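Residue numbers (my numbering): 1 to 333.
By construction, these hints were calculated from the structure, which means they are not laboratory data.
Computed from a predicted structure; not experimentally measured.
Cβ coordinates follow ideal geometry from the N, Cα and C atoms, glycine included.
Hints are supplied without guarantee of correctness; some may be wrong.
[To be verified] The calculated lysine to aspartate or glutamate pairs, modelled on DMTMM-like cross-linking and capped at a C-alpha distance of 25 Å, are:
no. : residue 1 : residue 2
1   : K191      : D115
2   : K329      : E182
3   : K32       : E65
4   : K110      : E22
5   : K208      : D227
6   : K78       : E22
7   : K121      : E136
8   : K215      : E205
9   : K262      : E311
[As the list claims (entries may be wrong)] Restraint ranges, calculated between C-beta atoms of paired labels, are given here:
no. : residue 1 : residue 2 : range
10  : G226      : G58       : 43 to 51 Å
11  : I24       : R316      : 35 to 43 Å
12  : I266      : K110      : 50 to 58 Å
13  : I24       : S55       : 22 to 30 Å
14  : Q323      : A124      : 53 to 61 Å
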Amino acid sequence: MKNKEIAALFERIADVLEIKGENIFRVNSYRKVARVLDEMTEDVAEVAKAGRLESIAGVGKGTAEKIVEYLDTGRMSKYEEVMKGFPPGLADMLDIPGMGPKTVALVWQKLGVVDLAGLEKAIADGKALGLPGMGEKKVANIQKGIALLRSRAGRLLLGVAFPLVQEILGRMRQAPGVRQIEAAGSLRRMKETIGDIDILVAAAEGKKIIEAFTKLPNVVEVLAAGDTKGSVRVGENKLQVDLRVVAEDEFGAALQYFTGSKAHNIRLRDLAKGKGLKVNEYGVFKGERKVAGRTEESVYEALGMLWTPPELREDRGEVEAAQAKKLPKLVTR
1 MKNKEIAALF ERIADVLEIK GENIFRVNSY RKVARVLDEM TEDVAEVAKA
51 GRLESIAGVG KGTAEKIVEY LDTGRMSKYE EVMKGFPPGL ADMLDIPGMG
101 PKTVALVWQK LGVVDLAGLE KAIADGKALG LPGMGEKKVA NIQKGIALLR
151 SRAGRLLLGV AFPLVQEILG RMRQAPGVRQ IEAAGSLRRM KETIGDIDIL
201 VAAAEGKKII EAFTKLPNVV EVLAAGDTKG SVRVGENKLQ VDLRVVAEDE
251 FGAALQYFTG SKAHNIRLRD LAKGKGLKVN EYGVFKGERK VAGRTEESVY
301 EALGMLWTPP ELREDRGEVE AAQAKKLPKL VTR
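Work out the full structure: start from the sequences and follow the hints.
Here is the structure:
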């Protein structure tokens, strides 16, 4: 389901508009849509297909068009418009406990702070203390929040990584030869923090796709560039992103494999073995014959399971539930 992805984009739009000082009613309208989408148990794509988007609380014609645009293209023009020219470090500061949009706007407008390093310096220099609403207790809480963020060294919060990845996916969808593209790994499982990003592309030929990937505008370092795999660092946080190009008939198996988790995949391998099958990133095999692999659904079906939402793939009972056709409905909030 794309509900949580779209909700995150609307929430970030609201955050940035509030930092910019836009009309609070407009800001709150985006927050309401984000909250409603986040809490929905029905797949928003199915609602859109049925032409019922405007029946969702807070969704008018304009918002419905934005949702359809994202579902169709993987991009949202409004999000790109709002983020254009906006210091990315400001939005990242929203992930510091104790820093809401009003506080971020305050330190930006009064002190010129545009990123975490600038905020730390403003606090160390004593410039933050004494700003409206910034007493000793507030500043101390922000320092604790920064320390908490720093303790997650090498990992980014989902809210920071997600928009970066959506921008990459949106640009790469325009690359010649791309048939399918999806993010995998812990980001697809919607984990709270992200170490690095795995992206999978289905295509007949990989070299030109890897070239396009390594030339994306937010790439700050190219780590590797082969015929079917490239690795780069992107953005101020230097998030590592790995992109793999696979054949179309392997895309589903690769997406399942690289989404993980490791524990979930081990359970699937054991289950396959018990059925006289082998499962890996290339497909499900009976001897030398491939029996599934083009889609994730076909992989799970070959193993006698329901397709399992990525958020549940942690080996915490979801394998047994999928075998028994009794997977719980995913609640996203």
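A quick look at each hint next to the structure:
In summary, the hint linking K191 to D115 is supported, as the alpha carbons are separated by about 24 Å, within the 25 Å threshold. For the hint pairing K329 with E182, the CA-to-CA distance comes to about 23 Å; that is within 25 Å, so the pair holds. Simply put, K32 and E65 have alpha-carbon atoms about 16 Å apart, close enough for the 25 Å limit, and the pair holds. For a cut-off of 25 Å, the pair hint linking K110 to E22 stands: about 17 Å separates their Cα positions.
For the given pair, K208 sits about 8 Å from D227 by alpha-carbon distance, which is consistent with the 25 Å threshold. Pair hint K78 plus E22 holds up; C-alpha atoms about 14 Å apart against a cutoff of 25 Å. A distance of roughly 16 Å separates the Cα atoms of K121 and E136; the hinted pair therefore holds under the 25 Å criterion. Taking the CA atoms of K215 and E205, the gap is near 17 Å; set against the 25 Å cutoff, the hint holds.
Restraint check: the Cα-Cα separation between K262 and E311 comes to about 13 Å, which is no more than 25 Å; the hinted pair holds. Look at G226 against G58: about 46 Å separates their beta carbons, and that is inside 43 to 51 Å. Evaluation of the 35 to 43 Å hint for I24 and R316 yields a pass: the beta carbon distance comes to about 41 Å. Checked against the hint of 50 to 58 Å, the C-beta distance between I266 and K110 comes to roughly 53 Å, which is consistent with it.
Hint check: I24 to S55, Cβ distance near 26 Å, so the stated range 22 to 30 Å holds. In this structure the supplied range 53 to 61 Å holds for Q323 paired with A124, their Cβ-Cβ distance being about 56 Å.
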